[in-house]
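S.K.: Residues per chain, in single letters:
Number of protein chains: 2
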Amino acid sequence: MNVVELADQIAAGNRRALARAVTLVESTRADHRAEAADLLERLRGLNRQSLRIGLSGTPGVGKSTFIEAFGMQLIAAGLTVAVLAVDPSSARSGGSILGDKTRMDRLSREKGAFIRPSPSSAALGGVARRTREAISLCEAANFDVVLIETVGVGQSETMVAQMCDLFVLLLAPAGGDELQGVKRGIMEMADLILINKADGELKSTATRTVADYAGALRLLRKRPQDPEDFPKAMAVSATEGRGLTQAWAEMQALAQWRRDEGHWDHSRAAQAAHWFDYEVREGLLAQLRDDPDLRAAMAERSRDVAEGTATPSAAAREILQRLGVGAPPD
Amino acid sequence: MNVVELADQIAAGNRRALARAVTLVESTRADHRAEAADLLERLRGLNRQSLRIGLSGTPGVGKSTFIEAFGMQLIAAGLTVAVLAVDPSSARSGGSILGDKTRMDRLSREKGAFIRPSPSSAALGGVARRTREAISLCEAANFDVVLIETVGVGQSETMVAQMCDLFVLLLAPAGGDELQGVKRGIMEMADLILINKADGELKSTATRTVADYAGALRLLRKRPQDPEDFPKAMAVSATEGRGLTQAWAEMQALAQWRRDEGHWDHSRAAQAAHWFDYEVREGLLAQLRDDPDLRAAMAERSRDVAEGTATPSAAAREILQRLGVGAPPD
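Line by line, the protein sequences give chains R and F.
When we follow my numbering, the leftmost residue of the first sequence carries the number 1, and every step to the right adds one.
When we follow my numbering, the leftmost residue of the second sequence carries the number 1001, and every step to the right adds one.
If you're looking for bench data, these hints aren't it; they were derived computationally from the structure.
The reader is advised that the hints may include incorrect statements.
[Said to hold, decoys possible] In silico lysine to aspartate or glutamate, EDC-like type, Cα no more than 20 Å apart, as pairs: (1) R:K183 x R:D212; (2) R:K222 x R:E250; (3) R:K183 x F:E1005; (4) F:K1183 x R:E188; (5) R:K232 x R:E188; (6) F:K1232 x F:E1201.
Nothing here was measured: the structure is a model prediction, and the numbers come from that model.
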C-alpha cells in the first residue's frame, strides 16, 4: 500500500491501516521517516480533532482497570476511543508483546477502540515525536477520544501534558503524609484528580483523600484556562464502575468551556509551537550524537579538558568551529 | 596593558589586574572574548588550585554576615580569600553598584581579600561561563580560598555546585514544617549544612534544627565522595563568630580526605568535562538566538505551525536544513 492509499484508508477509519501507520511513524529508518512525513502532511488537511486526554498515575493505582472501564463507558455512549501508552522506561518492543492489550481485555475487543502499547525507545525526544504523530494519526482516523496514558515518573507527564487538551491524574486513597509524595509540578498540570479504589475498605479513606487534594488544589495559583470550579478532585471506583459517568461529564464540561472561551485553540496553537521549537533544538543537538567522527572528536577533547590540557571553553570553541558555528558572544 | 602583561600581573597576585581581568571575561564583545580566551590559556599553565567553596542560602539567612565573619577568620589565619557572587536574577550592573562591598564592609578593606559582585546577565549560561572564568582567574592569582555565593533560588545552586570542591548550605533555625521547604535536590548537593543565628533567643531552636537536618541527611543515599561522617549539619553564629573555626576545620578535613582518596581530582575532571559538553550544546543552540535572519524564519514557521498550516516536524526539518543539519533519524 502506498502513502496515498494508506492516507485514504486511515481517513476512512480503517484500524489496520492506522496500526500500520503508527508502526511507520515509530520507525527510525530514513525512508520510513520520509514516508511518515508525507503521510502526516496529507492527513493534516482533514483538520480533525479528537479530545486528547492525558492520564497519569503511579504503578498500582489501577490505571489499566480505569482505562478499560472508562473506555467501555465511552464505547457504550457511542463514541470511539484510541488508547496510546507512553513509557520511556519501557523496554518492550512496539506492539509485539501482548502486555497492553491483555491488560485491557474487553476494550481491546471493541470495534470502536484502538489500543497501542508504548513504543520502545531510550530517548524521550524520540518518544515525544512518535507519540505526537500517533495522536495525529488517531485524529485523522476520526476517533472521538484519544487517551494518552503515562507512568507517573520522570518527565513523561510534562511531555504528555504538552500534547493534551485535558490532563487527568489518577491516584490511590492515601493518608496525609503520602499526599506529599505527589510532586507539586505534577499537581499543577492536573485538570482533574481522580481518587481511584473508592470501594470496599478504602471508601472512607478515598473520601478523605479527595478532600485533602481538593484543599491542595485550592492552594495552587489560578490558571487562566480553568473555569471557577477547576481543577477539581473526585472519587471513582474503576472496578465497580462508580463515578466514571460523572468524571466524563466533568471532562466534557471543561473541554466545552475551554472551546467556548478560546482556550482550546490557544492551547493547541501553543503546543504546536512548543513542539516545533523542541524539534529544532533536538535536531541541532542530535548532530553531536549521530555523527561518529564528531562523537570521537568530542570524546578526545573531553579527555583533554578532564586532564587539564585545555579549558572547557577553548575545547568547546574548537568543536563548534568544526560544526560551522562561531563562538557565541552570549 | 596587553594580555601578556595582564597575565603576569595576575600571576603576581595584583588585585587591580585581577579586577580588570574579571571585567574582561564578563564582556560580551567579540574582541574581548578573544582576549579573555588568550588570557585564560596563558594562565592555565600555572596549574594553581584554590579551595572552591560554594555557599548557598535563602535571603535573610545572614549570608553576607557569615561571609564577612568567615572571611575575616581566614584572613586572620594568614589565608587569602576571593568572594564571587552569582545571582542570575540580579539586574545590577557588574561592579558598578556598591551592594556587595558595603555588605562586607570589613572584609572588603582587607588586602588578602577580593570581593566581586554578581555580573548582570539574563542568561544562566552566560553567568555560568563568566563565573567559571572568574574562578580560574582567582586561582591564577593564587587565592587560597574562593567562595562562590549564590542565592537559594532556581538552578543557580546546581550550577555553582558543578564548579566547586565543597558545597555549603547556610540555613536559618526553623521548625519541623519549614524543614520541608528545602528542596531535596539542594540537600543532596550539600557537604555541610550550617544553621546560622545560633545565638540569643534562637539558640535552642538552632540546636533542634541541626538535629533535624542531621536526621534528614542520614536518610539520603551515601555518596562515594563522602567520608563516614559527612555530609554533616552544625550550628554557627555569624554575628557572635561562634562555630566558624569548627566549620572551617570540617571543610579542611573534608577537602583533605577527598584529595587523599582521589575524589578531588576526579571531581575536577568530571566538572571540566561537564562544562565542555555544556558549552558545546549552548553554542549550538545559540545560533537560534543570535542570527536575526534565522530568528525571523523561526518566528514565521512558528506562526504557521500554530495556525496549523504546517506540522511541527515538517517546519522543524525546514529550519534544520537551513542550518545544514539533516533530519535526525532519532
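S.K.: What are the numbers of the hints that this structure violates, sorted from low to high?
M.R.: Per hint list: 3 and 6 violated.
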